[in-house]
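Peer 1: Same order as they appear, the protein sequences are chains A and B. Residues in the first sequence are numbered from 1 upward in steps of one, following our numbering. Residues in the second sequence are numbered from 1 upward in steps of one, following our numbering.
Just so you know, the hints here were simulated from the structure itself, not pulled from any lab data. Just to be clear, a hint being listed does not mean it is correct.
With a straight-line cut-off of 30 angstroms between C-alpha atoms, the simulated DSSO-like cross-links for lysine-lysine are [stated by the list, open to error]:
| # | chain 1 | residue 1 | chain 2 | residue 2 |
| --- | --- | --- | --- | --- |
| 1 | A | LYS124 | B | LYS135 |
| 2 | B | LYS7 | B | LYS71 |
| 3 | A | LYS124 | B | LYS7 |
| 4 | B | LYS7 | B | LYS72 |
Short derived list, chain B residues pointing at chain A, Cβ under 10 angstroms [claimed, not checked]:
| # | residue |
| --- | --- |
| 5 | VAL15 |
| 6 | ALA17 |
| 7 | VAL18 |
| 8 | LEU21 |
| 9 | ALA37 |
| 10 | ALA58 |
| 11 | ALA60 |
| 12 | TRP62 |
| 13 | GLY86 |
| 14 | LEU147 |
Every residue gets a Cβ at the ideal spot worked out from N, C-alpha and C, and that includes glycine.
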Amino acid sequence: MTRAHSFGLVWPYAVAAAVGYLLGSLAVPALAALATGSVNSPLVRVGFALREDPQAAPGAWPALAADVQAVRSSLAAPEREAFDLVVAVRGLDSGGTSDFQRAERVCQTLTWQRCDRATLMLLKEQSRP
Amino acid sequence: MNRARAKRALGPALVLAVASLIGYARAAMEGGRFAQAIAELSNAEKKALESAPALTVANAIWALGSEDAVKKMLRSELDRLPESEGAARARAFVRFGIIDSNPDGQAAVFFQACVADRNLCDRARLIAAAERETKARLVEPGQHLPLYLSSGHLQVP
């Protein structure tokens, strides 16, 4: 059996495995959207994360980060920067862990009076809807 | 000939099915948490979540923003919120009254707060609402009750 012949036998299985895995992964958000209707949008998921402070597996956060970007792109300055600040203190795009260094930078960009860590920790609680 | 082809396709088809199940299970376990939690909420709660990001931004600007940033935010909040969201509109008016340094302007916006939410036509409730907002504000101006509320001259219908 030549190498080319073995490759010819193996590639349909490899392609089937890759396509199957991809389809299965895509089915979860698609089915969730179907089950919950049009109200399950990035806006709703980000709203939920802002309201609930959710605990989630590491794999759930990248999807939320994509939702955060979608919501961010719909905002105009300075609301967009204020949203960045909230996202940083709430850790919505960093696995749920607050990124206070980034929050301080964003706050300073906004040229607001108080951008120290203690104030930003207060903001973390007060920004809850 | 067709039978041989079908036999050859059976293996990859089985692999496709098993891989789909594995992909689905992994995605459901890791990525479906938020969607699953949201699916358990009522439609009204889901609808309310749509305004949560804007509300969060408004709260952040109210907590730390400059006077100009706050005024701009409040104007866009009042544009965004429909008349049916009386309590939220009243809150925006109360914040406007706190940040406004002009007593006549304060009178006008506190009156608007009363129109938006009849509960705030009661002086004690209006003051309590304003006090909540001044506590939520972490920078000046806006950390103290405005003269219009603290002086005792309040006339709302």
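Peer 1: Hint by hint, which ones does the structure fall short of?
Peer 2: 2, 3, 4, 13, 14
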